[in-house]
Amino acid sequence: MQNRGDDLVVKVRDLRKVYDLGDSQVVALAGIDLDIHHGEFLAVMGPSGSGKSTFMQITGLLDNPTSGSYWFEGTDVSHLDRDARADIRSRRLGFVFQAYNLLPRTSALENVELPMVYAGIPAEERRRIAIEKMKLVGVDQLADHAPNQMSGGQQQRVAIARSLVNNPGLILADEPTGALDTKTSEDVMRIFTELNEEQCITIMLVTHEPDIAAHAKRIVTFRDGHVVSDTLRLRRFAPPLRMTRVGRFAPPLRMTKWR
Amino acid sequence: MSDFKGILRLALQALVRNKARSLLTMLGIVIGVAAVIVTVAIGSGARQSVQNSINALGSNMIVVQPGSLNSGGARGGFGSASTLTPDDGMALAHLPGVAAVTPTVTVRAQVVANDNNWQTQINGVAPTYTQIRSWPMASGTMFGQSDIASSAKVAVLGQTVVGQLFPGGQNPIGQTILIRNVPFTVIGTLAPLGQSGIGQDQDDTVLIPYSSAMQRLTGLSTVNSIMVSALTADQVSAVQSEVTSILEQRHHIPAGQTDDFQVRNLQSIAAAASSTGAVMEFLLAGVAAVSLIVGGIGIMNIMMVSVTERTREIGLRMSVGARAATILNQFLTESVVLSSIGGVIGIVFGFIGTMLVAALAKWPTQIPFGWVIASVLFSGLVGVFFGYYPAKKASNLNPIEALRFE
Ligand SMILES: Nc1ncnc2c1ncn2[C@@H]1O[C@H](COP(=O)(O)OP(=O)(O)OP(=O)(O)O)[C@@H](O)[C@H]1O
Ligand SMILES: [Mg+2]
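Chains as they are written, first to last, in this note's numbering: chain A, 60 to 318; chain B, 6 to 411.
Chain B on its own, in the form it takes in the complex (with noise of 0.2 Å):
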């Protein structure tokens, strides 16, 4: 019989003689694609941003952390609760498997350079911590061991730090800035890593050696947390539970009792949050493809309308020949050509809807390319489902019924 090209020319002639409607038909898909794609995009986008904010800290790193979250009740200070010393650290250097480790002390406060002046974030850490970090320097040198034993008053400035302290462009290093009215010398600038995945401008910080922020600054003698990395991902569970067991030891904490300190796997941290986003994202998904299924039955009706109009058109295509199964054929291919061309157009707009997203709202926006895929082959389908019951009513005519009606 009649193939597959003509029944298509025949589809899209009869497509094009209703411009109008088919558009019409074709809405309740492209926005029903759209709105998958936009949902989509801005759920996985976010999962992405967290994802790669945990990536930039380094997947294969443990954080050890004063306390523990799993005991609750009334908690002491700040200090009370700090057991981690940097002794603590040292013992976890010549682990197996174990890459680096620094001790973080982590202060607020006023930086004074000249006559400007800037509210940041001082770190102090071990050498190691630009390695760990995998943060290379724009300028000078990174302080070393020696400073760290001798507290010495150097300090490295991220970039947004350089910009408020240094607006006119002068070069920082061998300046001296206040950091609470203690006087440091500069002697390093870190490249730029811009906004992590939660928002923060982690170009805002100053390197200290942490023997000095301990001394000159906290005057404690505990730090706020230990980082260690691993050699390699492989290693990380198996380095956890070297560093739980050691400082165990260390603190004398027998079996079976609540660790005073916790540590914590970002690789685990990493899963947890793409698993949520991904819960999310199939919900939001989810609720756009009910807006397919609503556009399909848009289609439907508008095909059920179609044939009702059609009938004489139907009675005199089987009068010349048509068999019932072309005419089931190319009613399908109409309402499939609908709703793929819809499918196509709703990419476009999803799109567009997920660039002005990312402009005006500026969240993180990724489209999957699988969703695309399968949007198209869903609307397709949904012009199959949605086409199928017209289409058979169409090809069930009575040929001589058909010409008759009026």
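Chain A on its own, in the form it takes in the complex (with noise of 0.2 Å):
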């Protein structure tokens, strides 16, 4: 089903996800409804347990939504089997951990290529690509280094580097400063700051901490399951405004404070 709104990566609509507990049912998320269009730089706030991780695992074709509807860049992908999400996921999407998640005792090149491999990309073209996506985060120098001779901002970068490498319509990171102290992660969010405005890549990260929610243009609250609040800010004027945006079917939004 077709349903293309022309630079609409993400479009969320009554996304239900509870999970059986067998005696109980947890209900992580209660009907979210979210437009995220291309080129978007969107933090996802909210306290702990108000369902942002598994709102991110489905829009990362992770997981499946118990109920409502899903349409990554225009195609419904609401009920799509494991290894059509795989594919997407190897083609559109990529991931970016709080742990960085790379390989041990591999190069930091060989984990950048990694997802190239499963996309069936030749090996010169992998390295390629590879060297490049390394280039732009910085980390090109550290092409031999295996993750326990790096630093976590450069292990955070190179990880950056690997969700790059398919040119994804949407990267995903799910507290990806969690680990870093302040300084560190101020380069780690000024790269993604630089990949969203230099590049034009579309990016939404969950993290608990203002500072580093203030580098997004654009601010979503979840509580219980719920958006509560979707605040919009145009970074490069000064003083930072702040503009509200009304999903259709979102319940009313509270006004954000802004530090």
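Keep in mind that the hints were calculated from the coordinates and are not lab data. Computed from a predicted structure; not experimentally measured.
To be clear about the criterion: a stretch of chain A counts as covered by chain B if any three or more of its residues have a C-beta under 8 Å from a C-beta of chain B, and this derived list gives those stretches:
1) 119 to 130
2) 139 to 149
3) 159 to 167
4) 171 to 184
By construction, the Cβ of each residue, glycine as well, lies at the ideal position given by its N, Cα and C atoms.
The two chains are supplied separately, each in an independent frame; assemble them into the complex guided by the hints.
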């Protein structure tokens, strides 16, 4: 089913996820409506257990929703099987994790090449693209280093390079700075900002820290499986402008406080 | 999806990342394959050497011996059962399909030449003996029919006897030797044959005319055996029954009564020997194959540990786009590569072990090529069989849970 707003990357309607624990049920997502357009840089915030990671997993096609609809780049992906989801992840999605998740005892270069092995890209091209993306995030001189020979910030930048190699339509980052100190976190966020502004890459990241969220253009706040606020910021103008956008089916917005 | 080369590369990378563990995992297969190769090499070497010694006697050969193995009970002495005479041999010589016949009279005796003496086996035979055994001369000539007729005191020496009696390297031809104090003139020497399959020195012998042996050494009118060689291997059984009926006739043995001789054909002895050998070989290889299976269980064990240990890695691979089937293939490839490399290393150790056995225990060995191929294929199969369950387990992981795994 095509349902394409031309630059709509993610379109989610009444998305629900219920975990069945046998004797009880946990409603992780209680009806989410959200649009993400091409070129957006979106931060997802909210208290622990509010459903942020669940939302990222479904958006990242690691899991299917219990009900509701999800269009990714204009295609209905609400009910795909494992293999079909793996193929879209392979071609169109990039992941950055809090724990970096680089393969141990494996060079940075080979780590960055990994998604392209599964996408069936020939070896020379893999190498060329991997080096290109490592240059982009400034870790090309670390190509031969194994993860245990790199700092946390360097590892996360290698992981970002890995998320870029398939030219993804969307990068999903669940607390990418959660394990980093403030200064390194700023470095990593600067890279995300550059990728968004210069390469026009669409990014959605989860964070608990307002300082980190401040790098994004748009902040969505979750609570109890609902979106409770959705604010758009135009970062380029000072003082920061606040705009609130209301989704068609979104619950009434509360005013968000800007620090 | 991902091509085979890519998957193989991923599998190799994963194995190289864990060199020590990979080597330990292979060990079971290495030992299993090496054990198969060594046991089969020993078994088949033994079989081959029995076969060789029988072939050396001539596979077309039929041996007639006095008495019967089948008749139990007390038997008379050596002489009493001996009923074969040189005339029996003569009677067989003209049968169709018979190439050559020789009676043999065997005596162990002390042989003296100048200051040297040596205990050896004296074979009283016809001139056809060297032809039947395909035994070439080294020097001089074999005695002839006239020497038989005249019971000539002439001798042909095997190389071991030459070495013992003429250690200085003198030419033995024309020299006189004493066999039980009877002087014989040496007229020829035999080419060396070496050891027989049962470890007997075939060159430790002296050939003299059978008539001379009977008259001058045993004093008997009978011979120990008669050797008959058929023209071709196909004719052996026909000749065998001809020989039996002629001898029954000559010895006046009524139909249905036990013969006072037995006719044996070396081909059937060879076949019996080699089939017993084959059974032994399979038994040994079976025991060794069990160790291969134990090696396979070792692989499964380590692969299970590896899948658990690498749960997060598997989650990561899936999240960047690996399909379940690709993960399955990768882990299966890892286990097949491990077991196949183990198999190849096992072959190398098997060859080394076989050479050690041959050199230290001096056993005849022979590495059959078919078994080498079979053990590599089998170890590959072990890899598939025992790698499948862990690989399936890996591919069934949920990427989200796998990524969260501590
Ligand atoms: N696999 C699961 N099985 C059962 N319940 C789950 C599962 N995953 C998440 N939940 C529940 O769903 C709810 C939302 O979890 P989620 O991980 O999305 O929260 P979060 O916003 O990411 O929290 P945090 O900020 O702590 O990471 C929680 O109540 C959680 O316990
Ligand atoms: Mg979370």
